[in-house]
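If you count by the working numbering, then the sequence shown holds residues 1 to 134, one letter each, in order.
Careful: at least some of the hints might be erroneous.
Using 35 Å as the maximum straight-line C-alpha spacing, the simulated DSBU-like pairs for lysine-lysine come out as follows [unchecked claim]:
#1 K62 x K86
#2 K117 x K16
#3 K108 x K16
#4 K108 x K61
#5 K61 x K16
#6 K117 x K9
#7 K86 x K6
Quick list of simulated restraints, FRET-style, between CB atoms [as the list claims (entries may be wrong)]:
#8 S21 x Y88: 24 to 30 Å
#9 N52 x K9: 20 to 26 Å
#10 R102 x E47: 49 to 55 Å
#11 K61 x T91: 16 to 22 Å
Honestly, the hints are just simulated from the structure, not real lab data.
Model, not experiment: these values are computed from the prediction.
For each residue, glycine too, the CB sits at the ideal point set by N, CA and C.
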Amino acid sequence: MRAEIKDVKVVLKNYKRLVDSLACFQAIPGHSMTASGGSRTYGNHAEDRIINHVDIHFQVKKIERAIERIPDPQQRFIIDHYIIDKEYSRTELCDRFDISLRGLNNLKNRALLNFAKNYGLERPSDETKIVLCG
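All chains, full assembly: derive it from the sequences and hints.
The structure is reproduced here in structure tokens:
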């Protein structure tokens, strides 16, 4: 279970970087491929940039879909505003949800495990099934 949570945190940490990469993407105007389909040896990297852009877009959408499929709005909020954007501290979230720090940690771990399931990072073991259902 800890390995799954660690993997999820890496994916979510990279999410912000991926979103920033999409915002910075600019197509290379005025460049065209040669009749032979283009050659990367002549410095025309437009095709590579477009492929990279599509790949990043796919990764971002996959992460966003996994977050949207988390059924509990509090868990989605924790992922969006605590783990990804770091807008709130743990104390502020405890106050917002009127829960203890232990309750917040449990809620956060359930959110991360639900994300892992939706993203396809894990297959629930018996222990994980108990946590997700509880």
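Each hint, compared with the structure:
| no. | hint | result |
| --- | --- | --- |
| 1 | K62 x K86 | holds (21 Å) |
| 2 | K117 x K16 | holds (20 Å) |
| 3 | K108 x K16 | holds (19 Å) |
| 4 | K108 x K61 | holds (22 Å) |
| 5 | K61 x K16 | holds (12 Å) |
| 6 | K117 x K9 | holds (13 Å) |
| 7 | K86 x K6 | holds (17 Å) |
| 8 | S21 x Y88: 24 to 30 Å | holds (25 Å) |
| 9 | N52 x K9: 20 to 26 Å | holds (24 Å) |
| 10 | R102 x E47: 49 to 55 Å | holds (52 Å) |
| 11 | K61 x T91: 16 to 22 Å | violated (33 Å) |
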